[in-house]
Every structure is written in C-alpha cells, then in structure tokens.
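Chemist: Starting from the structure of chain A, add chain B where the hints point.
Number of protein chains: 2
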Amino acid sequence: MTASKIIGIDLGGTSIKFGILTLTGEVQDKWSIPTNILEDGKHIVPDIIQSINHRLNLYNLDKSEFLGIGMGTPGSVNISESTVKAAFNLNWADTQEVGKPISEGVGLPFILDNDANVAALGERWVGAGENNPDVVFITLGTGVGGGIIASGELVHGIAGAGGEIGHICVDPDGFECTCGNRGCLETVTSATGIVRLARKFAEEYEGDSTIKAAIDNGDEVTSKDIFFAAQEGDHFSLSVVDKFAYYLGFACANLGSTLNPASIVIGGGVSAAGEFLREKVETYFNKYAFSTVRNSSKIKLAVLGNDAGIIGAASLALKFKGE
Amino acid sequence: MTASKIIGIDLGGTSIKFGILTLTGEVQDKWSIPTNILEDGKHIVPDIIQSINHRLNLYNLDKSEFLGIGMGTPGSVNISESTVKAAFNLNWADTQEVGKPISEGVGLPFILDNDANVAALGERWVGAGENNPDVVFITLGTGVGGGIIASGELVHGIAGAGGEIGHICVDPDGFECTCGNRGCLETVTSATGIVRLARKFAEEYEGDSTIKAAIDNGDEVTSKDIFFAAQEGDHFSLSVVDKFAYYLGFACANLGSTLNPASIVIGGGVSAAGEFLREKVETYFNKYAFSTVRNSSKIKLAVLGNDAGIIGAASLALKFKGE
Chain A
0 MTASKIIGID LGGTSIKFGI LTLTGEVQDK WSIPTNILED GKHIVPDIIQ SINHRLNLYN
60 LDKSEFLGIG MGTPGSVNIS ESTVKAAFNL NWADTQEVGK PISEGVGLPF ILDNDANVAA
120 LGERWVGAGE NNPDVVFITL GTGVGGGIIA SGELVHGIAG AGGEIGHICV DPDGFECTCG
180 NRGCLETVTS ATGIVRLARK FAEEYEGDST IKAAIDNGDE VTSKDIFFAA QEGDHFSLSV
240 VDKFAYYLGF ACANLGSTLN PASIVIGGGV SAAGEFLREK VETYFNKYAF STVRNSSKIK
300 LAVLGNDAGI IGAASLALKF KGE
Chain B
0 MTASKIIGID LGGTSIKFGI LTLTGEVQDK WSIPTNILED GKHIVPDIIQ SINHRLNLYN
60 LDKSEFLGIG MGTPGSVNIS ESTVKAAFNL NWADTQEVGK PISEGVGLPF ILDNDANVAA
120 LGERWVGAGE NNPDVVFITL GTGVGGGIIA SGELVHGIAG AGGEIGHICV DPDGFECTCG
180 NRGCLETVTS ATGIVRLARK FAEEYEGDST IKAAIDNGDE VTSKDIFFAA QEGDHFSLSV
240 VDKFAYYLGF ACANLGSTLN PASIVIGGGV SAAGEFLREK VETYFNKYAF STVRNSSKIK
300 LAVLGNDAGI IGAASLALKF KGE
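Here the protein sequences come in this chain order: A and B.
Going by numbering that gives the first Met the number 0, 261 is the number at position 262 of the first sequence; the sequence numbering is gapless.
Going by numbering that gives the first Met the number 0, 7 is the number at position 8 of the second sequence; the sequence numbering is gapless.
Bound-form chain A, shown alone:
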C-alpha cells in the first residue's frame, strides 16, 4: 500500500496533541492526552507510543498507510540525534532520547524539531503562509518565539538559534530580559511584556483610565484587558498598544529587509486582538521597511490556532516520501 498519511505530535507542558493528516495537510483525526511530567518526565515517551498504537488499533489503521511521524517539542533539540534537552516544563533537563524509542515503539520513521519552528511550518504550509517558500512566523504568548522558512527550508543556524525572534533587540535601553540582555522583543510584546509597558506608562499618565486605575490599585491586569480597553477607546491603553505595535512593527520591518518573506505571520495568544492589532503593526512595518519589502511582504494573522503545531509537526514527516 502507498503511504498516504502522516502523524503530527505537538508536545507541550500541559498536554500532548496528536493528529493524523493527509499528505496535503488535511487533519483527518486529532486527539490529546495530558502530559505526565512526574519522575523527570520519564512517562512522556512511553505515553506517546502507547497513545499512537492504541489509536491506530482502534481505527484499524495499518502502519503501511503512514509515511512517518513528526513532532514539535519545547527545549533544545538535536535534530540528527532526535534528542531533547533543557525542556524544563517537561522535567527534561538532561538529554532525553525521543526519536529512537518512538520510532521503534510505533514502527515508523520519526523526526522532530522545536515547537516554534513546527508551528511556523504549519502556518506556512496550510495556514496564512499559503505554502510560500519564504515565510516568517512570530508567536506572541508567555514568551515570544518564532520560526523562519527561507527558500523552502527552516532556518536553524549553526547552533539551532535561528529564528530566535523574541531576542531581537528593539530598544537598546529597554527592559531587562530573562536572557540577560536588554530590550529584547519579548520584553515588550509577550503577554507579560505588554503589561510591563502598561506599568511603565502608568507612572506618567495623568488622565482617566480603568486600566491605569487597576494597575495603580495593584489589581491583576492581563494583555487581554489592555487590548479590550484599547478597542473600547481607553486612551491610556491605546498608547500602550501603540507602543507595542511600534516595537513589533519595527522588528517585522527589519525581518522584512533581511528576508523579504511573502508574509510575516503573527500568532499566539496575544494576537487574539486580531485585525485591530495587525493593522497597527502594519503601519509601523510600512514606516520602517525598505520600499521593495513594504510593497511585497505582507503582515498577516495566523489562522490555524492550536492546530499549527500538529500540522507543522506532521509536515516534517513529508521528508520520508520516497525513502
């Protein structure tokens, strides 16, 4: 039988998502299990094997129908060895064998990459990237991550730090970052970053604002609250969102002048503000990007949501075609 399916796994600290896809990226089946990080995360790999084998048995699917398995994981990935380390939210501090046991346990070829790269591949393949060979993906969540596809290939770089978009410096005198530098994009455009901006702005703002009042009161304020208030016309929140959009647009402009991608796709929880956010980012992108880039590279919103991970992960397994 000719293999006509691929399996994608999106491994996270809370859940492990699985998908069975066609070779053209259609999700035929998906399911998830909780991530058991107890005992140094030693249950994770066996749980993955058991869950896939159970599912294939359940639906009477034969191994020969599958090209292989692709997976996205947190942490630092050794692609050629199919190992992961420094994935602290999985309790995998030291090097963890992943590829060999899963490949043997399921009986299919296996390939992995890091979670941001895999999400980028997903959005590029069947999402906002429209399968263009040059796409940049930025995910705005607890942190800011990214993945770059240039000439159809993921950019890993010499030590796997290609696409570390969250650590592009956008303000040399900016906030301290967890990485030890100052003014990284992550310090101002992550979920906590925009709140950090709001706290700074609150020190100087003198008008009325529910968000400023909440901050001054010591109430918890989230990125969602700030975007919601801005959309409702709160001037203080609008000024915070404008600064957020400046930083992101500035970074997008320089990514554009470097890579001239077909699109820069913005995803992650913070991007839920949607078109309201996108057009503000685009305004600053247009201001700082080189003219040819401004006229050819597009700022887009991600469209796949949480499915980007399983879809992009599965796409890794397309490399087993013809093997």
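Just so you know, these hints were derived from the structure itself, not from any lab.
These numbers come from a predicted model, not from an experiment.
Just so it is clear, CB atoms sit at the ideal spot from N, CA and C, and this is done for glycine as well.
Some hints here could point you the wrong way.
To be verified - Dumping the calculated BS3-like pairs for lysine-lysine here, alpha-carbon to alpha-carbon at most 25 angstroms:
hint : chain 1 : residue 1 : chain 2 : residue 2
1    : A       : 286       : B       : 99
2    : B       : 320       : B       : 16
3    : B       : 318       : A       : 318
4    : A       : 297       : A       : 286
5    : B       : 4         : B       : 286
6    : B       : 99        : B       : 84
7    : B       : 41        : B       : 4
8    : A       : 318       : B       : 320
9    : B       : 29        : B       : 4
10   : B       : 29        : B       : 99
11   : B       : 286       : A       : 242
12   : A       : 297       : A       : 318
Claimed, not checked - Beta-carbon label-pair distances, calculated as ranges:
hint : chain 1 : residue 1 : chain 2 : residue 2 : range
13   : A       : 318       : B       : 273       : 41 to 47 angstroms
14   : A       : 282       : B       : 273       : 39 to 45 angstroms
15   : A       : 199       : B       : 203       : 27 to 33 angstroms
16   : A       : 275       : B       : 203       : 39 to 45 angstroms
17   : B       : 215       : A       : 152       : 35 to 41 angstroms
18   : B       : 302       : A       : 305       : 46 to 52 angstroms
19   : A       : 63        : B       : 54        : 40 to 46 angstroms
Said to hold, decoys possible - Which chain A residues face chain B? A few, computed with CB under 8 angstroms, are given here:
hint : residue
20   : 133
21   : 147
22   : 149
23   : 150
24   : 154
25   : 157
26   : 167
27   : 254
28   : 256
29   : 261
30   : 290
31   : 291
32   : 296
33   : 300
34   : 302
35   : 319
Modeler: Chain B alone, transformed into the frame defined by chain A:
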C-alpha cells in the same frame, strides 16, 4: 571530456572582471576590461561575449571543459529570465537581456544574480565563510549591501529584496536615507555614513582633533581619514568609530538572533580598517546578541577582496553540474 572549469563575471560600472576557476574555487586565470556604458550600455553584453571567446581561443580552451558561466551585476535581477533592469551605473534603466545573448554567444549555460549576493557566495565558498551553510555577508562601501546564505541557499525573498542589510533600521530617529526611510544602516556605516556621523559629532565636540578641525574648515574628510586618526588615538575620531561600531554591531546582533549564521563576514572598502574595526563591532555584537548566538556566530573580516565577485559568480555555475 568532463567539465572541470567554471567562468565567473563581476560586472561593475567601471570594469568587468572575469575569472576561470576550478570546480573547487581555485582561480586559474583572471582578467578585466573597462565597462563601456555609452549608448545605453548596449556594448556591454557584446564586449563580454567577445572577451570570453577571445580568452578561450587564446589559451586553446575547449567549451567542453566548462560547466557554465555565472555573473554578478548591479541593478534589479530577474534570475529566471536572466535579465537586469535599474542598473543605472551601467545605463541599463530598462530591462536588458543578458543571459540569452551571452549563453548563445559563448555557447555555455549562463546564470546571474546581483553583485552583493554574488560577493556573499564567494566569501562563503572559499573565503571567511569557510563553506558553511549559513553565512551573512555585509559589504561597507559607497553604500551598504549584503547577501545571506541560509541552509546553503541564497535568500532572495519574494521580490529579490532579501539581504537588503543596508536598509535595516538601526536608529528610528536617525538620518534620512536615499530610500526614503530614516536611520538605515547605510546612513551611518557606509563610506559617506561615517563622515556624516563625524559631521554630527563635530557640532558638539570641544576638544582638539585634526579631523574635527578639517571638518570645521570644510576640508574633504574620508572614512579612511577617520579610521586612521582613530587608530592614532584621536579622541574625536574614536568616538565616531565607536558609534559606527555600535550601529554595525547592533545590526549584526539582530541578524544573528534571526539567522544564527556560522559567521557574519564584513567586507567592502570601509572594512579596510581591519581588526581594529572588527573587534569593536564584535564588542557590540556580544552585547546585543542572544547568548546562544553570541557563543556560536562569529564576526569575521572578508578575505577575498575584489576577487569575491568573480569567485561567487563562478560558483553560481556549479548548479549546471550533472545537467
């Protein structure tokens, strides 16, 4: 006979350089002719054909010894059509047929790319890039150009503006650029850019300095003068060079966090200041680059000088291997 040679052409506004190379990048022969840009540059293509045919006859070289011809050119390149336009220093404003007539006139396959990309390929192949799959090249001359090789492939982007490193914004409130934006890298790190920085600094500097005195006198001051004075300990010039190094190091850091290349290679006339310049740029690179990038990507000086063009151009023709 198995083809064992390639031809590289570096087309410039003043001269056309030619090289005959082995498939491993050794230059076996090189020569040049003046560029005749008269009559809308209509002599350029025939001159190239005539010069190559003359040389091959002179040395009794058979066409079958060659894989093909690669060329670097100014202007906007259409790679698939092998045409060039907007190469104003060649008087090629409108679309110019290049590949078809040269391929037919010499009787060999032909491929072209823009001059900065081709120089990047040269430095990457047998120069400072040490044939790594991920290398960034920045050339500091009258303008600032660049070329990016990621996963072994030149980054062109969707409209050919990939690698427009000179138009990365390094100072949102900076000098106006010829491109219409503000604070592009080119405005402060080209040969004229560093003089522009010196003029600005001269307005506020109050100590003794031969360079400040020359600027205040209205004498002509070049980038070479400024670097020379800085190396001799002139405090004013040192402060100008330090700002220059900050801008270049900042741009390199963000290129590093984006691409994590094995090396960022700095070439072009302004880089003649050598190690004195490189180590200052590296200091700022180390300050702003993500830690993994700082520990893996290297800041290097170009080593091929003017030969980068013919070598990189010739390397384009390697794609005809096996065709």
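Chemist: Run every hint past the structure and note whether it holds.
Modeler: Comparing the hints with the structure gives:
1. Proximity of residue 286 (chain A) to residue 99 (chain B) is assessed by CA-CA distance (about 39 angstroms); at most 25 angstroms being required, the pair is judged violated.
2. Restraint check for residue 320 (chain B) and residue 16 (chain B): the C-alpha separation of about 23 angstroms stays at or below 25 angstroms, so the hint holds.
3. The hinted pair formed by residue 318 (chain B) and residue 318 (chain A) meets the criterion: a straight-line CA distance of about 22 angstroms does not exceed 25 angstroms.
4. In summary, the hint linking residue 297 (chain A) to residue 286 (chain A) is supported, as the alpha carbons are separated by about 14 angstroms, within the 25 angstroms threshold.
5. Taken as a hint, the residue 4 (chain B) and residue 286 (chain B) pair is broken in the structure, with Cα atoms around 44 angstroms apart against an allowance of 25 angstroms.
6. The suggested pairing of residue 99 (chain B) with residue 84 (chain B) holds, with an alpha-carbon distance near 15 angstroms, which does not exceed 25 angstroms.
7. Between residue 41 (chain B) and residue 4 (chain B), the direct Cα distance comes to roughly 28 angstroms. Violation of the 25 angstroms bound is thereby established for this hinted pair.
8. The straight-line distance between the Cα atoms of residue 318 (chain A) and residue 320 (chain B) is roughly 24 angstroms, inside the 25 angstroms bound, and the hint therefore holds.
9. Restraint check for residue 29 (chain B) and residue 4 (chain B): satisfied, since their Cα atoms lie roughly 13 angstroms apart, inside the 25 angstroms limit.
10. Under the criterion of a C-alpha separation no larger than 25 angstroms, the hint pairing residue 29 (chain B) with residue 99 (chain B) is consistent with the structure, at around 23 angstroms.
11. For the suggested pair residue 286 (chain B) and residue 242 (chain A), the alpha carbons sit about 24 angstroms apart, so the restraint of at most 25 angstroms is met.
12. A hinted pair counts as satisfied when its Cα atoms are at most 25 angstroms apart, and residue 297 (chain A) with residue 318 (chain A) does not qualify at roughly 28 angstroms.
13. For residue 318 (chain A) and residue 273 (chain B), the hinted distance range of 41 to 47 angstroms is satisfied, since their beta carbons lie about 43 angstroms from each other.
14. At about 42 angstroms, the beta-carbon gap between residue 282 (chain A) and residue 273 (chain B) stays in the expected band of 39 to 45 angstroms.
15. One distance hint, 27 to 33 angstroms for the beta-carbon pair residue 199 (chain A) and residue 203 (chain B), holds here, with the actual separation near 29 angstroms.
16. The beta-carbon spacing between residue 275 (chain A) and residue 203 (chain B), approximately 43 angstroms, falls within the hinted interval of 39 to 45 angstroms.
17. As the Cβ distance of residue 215 (chain B) to residue 152 (chain A) is approximately 53 angstroms, the hint placing it in 35 to 41 angstroms is violated.
18. In this structure the supplied range 46 to 52 angstroms holds for residue 302 (chain B) paired with residue 305 (chain A), their Cβ-Cβ distance being about 48 angstroms.
19. The hinted window of 40 to 46 angstroms between residue 63 (chain A) and residue 54 (chain B) is violated, with their beta carbons roughly 59 angstroms apart.
20. Using the Cβ-Cβ criterion of 8 angstroms, the hint placing residue 133 (chain A) at the interface with chain B is satisfied: the shortest such distance is roughly 5 angstroms.
21. Interface restraint check: residue 147 (chain A) against chain B, minimum CB-CB distance 7 angstroms, threshold 8 angstroms, status holds.
22. Among the interface hints, the one on residue 149 (chain A) holds; its C-beta lies about 5 angstroms from the nearest C-beta in chain B, closer than the 8 angstroms criterion.
23. With a cut of 8 angstroms, the hint placing residue 150 (chain A) at the interface with chain B holds, because the nearest CB-to-CB distance is about 4 angstroms.
24. The beta carbon of residue 154 (chain A) is positioned within 8 angstroms of a beta carbon in chain B (closest approach about 5 angstroms), and the interface hint is therefore held.
25. For residue 157 (chain A), the shortest C-beta to C-beta distance to chain B is roughly 5 angstroms, which falls under 8 angstroms, so the interface hint holds.
26. Taking 8 angstroms as the C-beta contact cut-off toward chain B, the hint placing residue 167 (chain A) at the interface holds, the least distance being around 5 angstroms.
27. A least Cβ separation of about 6 angstroms between residue 254 (chain A) and chain B falls short of the 8 angstroms threshold, and the interface hint therefore holds.
28. Against a cut-off of 8 angstroms between C-beta atoms, the interface hint on residue 256 (chain A) holds, since the closest Cβ of chain B lies about 5 angstroms away.
29. Checking residue 261 (chain A) against chain B by beta carbon gives a least distance of about 5 angstroms; that is within 8 angstroms, so the hint holds.
30. About 6 angstroms separates the beta-carbon of residue 290 (chain A) from the nearest beta-carbon of chain B, less than 8 angstroms, and the hint is met.
31. Interface restraint check: residue 291 (chain A) against chain B, minimum CB-CB distance 4 angstroms, threshold 8 angstroms, status holds.
32. Annotation: interface hint on residue 296 (chain A) holds; nearest CB of chain B at approximately 7 angstroms, less than 8 angstroms.
33. Evaluation of the residue 300 (chain A) hint against chain B yields a violated restraint, the C-beta minimum of about 19 angstroms exceeding 8 angstroms.
34. Taking 8 angstroms as the C-beta contact cut-off toward chain B, the hint placing residue 302 (chain A) at the interface is violated, the least distance being around 19 angstroms.
35. At its closest, the beta carbon of residue 319 (chain A) sits 19 angstroms from a beta carbon of chain B; the interface hint therefore is violated under the 8 angstroms criterion.
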